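Protein chains: 2
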Amino acid sequence: MLLSKIKIVLVEPTHPGNIGSVARAMKTMGLSSLVLVNPKKFPHYEASKLAAGAESVLEQAQIYGDLNEAISEATLVVGTSVREREISWPTKNPKDIAETAIEHLTSNLHGSVAILFGRESSGLTNDEMDLCQMQIKIDANPEYSSLNLASAVQILAYELRMCWLKTRSDQMPSPDSKLGTSYHIRQQAATRKQLDGHLEHLQSTIESLNFVKSRPPTQLMRKLTRLYAKAELTVEEIQILRGILSAIDQELSIDN
Amino acid sequence: MLLSKIKIVLVEPTHPGNIGSVARAMKTMGLSSLVLVNPKKFPHYEASKLAAGAESVLEQAQIYGDLNEAISEATLVVGTSVREREISWPTKNPKDIAETAIEHLTSNLHGSVAILFGRESSGLTNDEMDLCQMQIKIDANPEYSSLNLASAVQILAYELRMCWLKTRSDQMPSPDSKLGTSYHIRQQAATRKQLDGHLEHLQSTIESLNFVKSRPPTQLMRKLTRLYAKAELTVEEIQILRGILSAIDQELSIDN
Numbered sequence: 010m011l012l013s014k015i016k017i018v019l020v021e022p023t024h025p026g027n028i029g030s031v032a033r034a035m036k037t038m039g040l041s042s043l044v045l046v047n048p049k050k051f052p053h054y055e056a057s058k059l060a061a062g063a064e065s066v067l068e069q070a071q072i073y074g075d076l077n078e079a080i081s082e083a084t085l086v087v088g089t090s091v092r093e094r095e096i097s098w099p100t101k102n103p104k105d106i107a108e109t110a111i112e113h114l115t116s117n118l119h120g121s122v123a124i125l126f127g128r129e130s131s132g133l134t135n136d137e138m139d140l141c142q143m144q145i146k147i148d149a150n151p152e153y154s155s156l157n158l159a160s161a162v163q164i165l166a167y168e169l170r171m172c173w174l175k176t177r178s179d180q181m182p183s184p185d186s187k188l189g190t191s192y193h194i195r196q197q198a199a200t201r202k203q204l205d206g207h208l209e210h211l212q213s214t215i216e217s218l219n220f221v222k223s224r225p226p227t228q229l230m231r232k233l234t235r236l237y238a239k240a241e242l243t244v245e246e247i248q249i250l251r252g253i254l255s256a257i258d259q260e261l262s263i264d265n
Numbered sequence: 010m011l012l013s014k015i016k017i018v019l020v021e022p023t024h025p026g027n028i029g030s031v032a033r034a035m036k037t038m039g040l041s042s043l044v045l046v047n048p049k050k051f052p053h054y055e056a057s058k059l060a061a062g063a064e065s066v067l068e069q070a071q072i073y074g075d076l077n078e079a080i081s082e083a084t085l086v087v088g089t090s091v092r093e094r095e096i097s098w099p100t101k102n103p104k105d106i107a108e109t110a111i112e113h114l115t116s117n118l119h120g121s122v123a124i125l126f127g128r129e130s131s132g133l134t135n136d137e138m139d140l141c142q143m144q145i146k147i148d149a150n151p152e153y154s155s156l157n158l159a160s161a162v163q164i165l166a167y168e169l170r171m172c173w174l175k176t177r178s179d180q181m182p183s184p185d186s187k188l189g190t191s192y193h194i195r196q197q198a199a200t201r202k203q204l205d206g207h208l209e210h211l212q213s214t215i216e217s218l219n220f221v222k223s224r225p226p227t228q229l230m231r232k233l234t235r236l237y238a239k240a241e242l243t244v245e246e247i248q249i250l251r252g253i254l255s256a257i258d259q260e261l262s263i264d265n
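Going down the list, the protein sequences come from chains B and D.
So in the numbering used here, the last one in the first sequence is 265, and the numbering has no gaps at all.
So in the numbering used here, the last one in the second sequence is 265, and the numbering has no gaps at all.
Keep in mind the hints are simulated off the structure, nothing from the lab.
It is possible that some hints are incorrect.
One copy or any two copies: either way a pair holds, since identical chains are not told apart in the list.
Below, computed lysine to aspartate or glutamate pairings styled on EDC-like, alpha-carbon distance capped at 20 Å [what the hints assert, rightly or not]:
#	residue 1	residue 2
1	232	245
2	175	64
3	146	105
4	232	55
5	175	152
6	175	105
7	104	148
8	49	205
9	175	148
10	104	245
11	239	68
12	146	136
Computed from a predicted model, the values in this text were never measured in an experiment.
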């Protein structure tokens, strides 16, 4: 699977709990390849505890003593950065990075992508950024941009999954296309004709009340038309509304 | 500022650490309004510890004993859901919800948005979802969709910020910005309380008809709640609907 070709690389993470939270964040989005470069404490019970069901990601994690070695097989390397740097790398936001990465993997069958996350305290060094083809910048609150390591991974993993799902759905027939049961028909959007039928019924019921001053109640009907158009009614909802109108008509002894 | 009109509402959070992590996730994206409904432990040192610089969000948090009360002033209420449900609410992904919310706040000067997050263990109940106009579904890994509470908030807050930044960057002065007459007040989105008033009136009128088989007509009311929630009613539209109901009541000689 394509998402397994994306490696999340944590460079010298200090807190084992963060490694666990990163594993969880990855797995929720279908990522499975975790790489640890010189983790301070790993394996560690806190990592396992915070992984909460994503232990498989920890178990399969690859551990390296050297970043160069860790990413030697990658065909696209990107780094996350929170600081402004003197040397400016090509910078993209998470969504654009995700698109770049998915496109890269789609067009490179043997490709793999490494996304580097730096130390909790100080991020990646300039030397480490030199290994990257581009940098990711999350456009956070300038007054408080301190994203937790797992939160940064969560956002990237989320954008990667969204982009991957979009790519897949562009290639596959819609799963809805074969549904045809009565339940699903009732949940379908009503046609314009069904909506008009409801509105005519509503108008006729309203006209039998002392409520309206003008006949036909053009202005009122215009507003009601807009109101029900906004609701994007289903077939079932039209049935319910007309059922209520019929019950009112019956009480008022109107024929409809 | 627009982002401060978005309330992150945690319903019965169990772990104080999660409340702190949520505060941090919010602040990194510029959100500041945190609402807690029946938190198990709050204030708590673990919340403060994990907020890590976002204590201001905790200090300003509003605490309620009742969800209805917590969201009574909101003009758009959305809920997060991880489960499949029998009744299907209108469902959007985080990006579309963010667009809807920012658009709603841009066109409703007095609007406010509430985004509900359920309990860590079991999410939101169906009754709580009934208060929502739409649900958010994060398209997570079907084999492991267990997002941490703060991670779910992080993703939503991220999409809200991205959408807000985008809106600001291609923004022109809003034509609504200098309007404040009663006409425009009537065109504003109705509050949850106003919508509830309409729904209670509707239920009382319906109960007086021979239409309903069960009392109270729970299933029917749930569907009608959803229908009118989808319509994102304005104050004026609520007035029109209640006017019609009153006219029906009068014909049927009901006191309301």
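We went through each hint and held it up to the structure:
In this assembly of identical chains, the alpha carbons of residue 232 and residue 245 lie at most 20 Å apart only when taken from different copies (9 Å versus 22 Å within one copy). Proximity of residue 175 and residue 64 under a CA criterion of 20 Å is satisfied in neither setting, with 28 Å inside one chain copy and 38 Å between copies. Proximity of residue 146 and residue 105 under a CA criterion of 20 Å is satisfied intra-copy only: 10 Å inside one chain copy versus 22 Å between copies. For a Cα distance limit of 20 Å, the shortest separation of residue 232 from residue 55 qualifies neither inside one copy, at 41 Å, nor across copies, at 46 Å.
When the C-alpha separation of residue 175 and residue 152 is checked against a cutoff of 20 Å, the pair qualifies only between copies, where the shortest distance is 19 Å, while the shortest distance within a copy is 33 Å. For the identical chains of this complex, residue 175 and residue 105 are neighbours both inside a copy (14 Å) and across copies (14 Å), given an alpha-carbon limit of 20 Å. For the identical chains of this complex, residue 104 and residue 148 are neighbours both inside a copy (11 Å) and across copies (16 Å), given an alpha-carbon limit of 20 Å. Taking the shortest alpha-carbon separations for residue 49 and residue 205, neither the intra-copy value of 28 Å nor the inter-copy value of 50 Å comes in at or below 20 Å.
Taking identical chains as interchangeable, the C-alpha atoms of residue 175 and residue 148 lie at most 20 Å apart only when they sit on different chains, with a minimum of 11 Å there against 23 Å within one chain. Taking identical chains as interchangeable, the C-alpha atoms of residue 104 and residue 245 are never at most 20 Å apart, the minima being 29 Å within one chain and 28 Å between chains. In the homo-oligomer, the alpha carbons of residue 239 and residue 68 never lie at most 20 Å apart, since the shortest distance is 34 Å inside one protomer and 39 Å across protomers. Proximity of residue 146 and residue 136 under a CA criterion of 20 Å is satisfied intra-copy only: 18 Å inside one chain copy versus 40 Å between copies.
The earlier numbered hints that this structure contradicts are 2, 4, 8, 10, 11.
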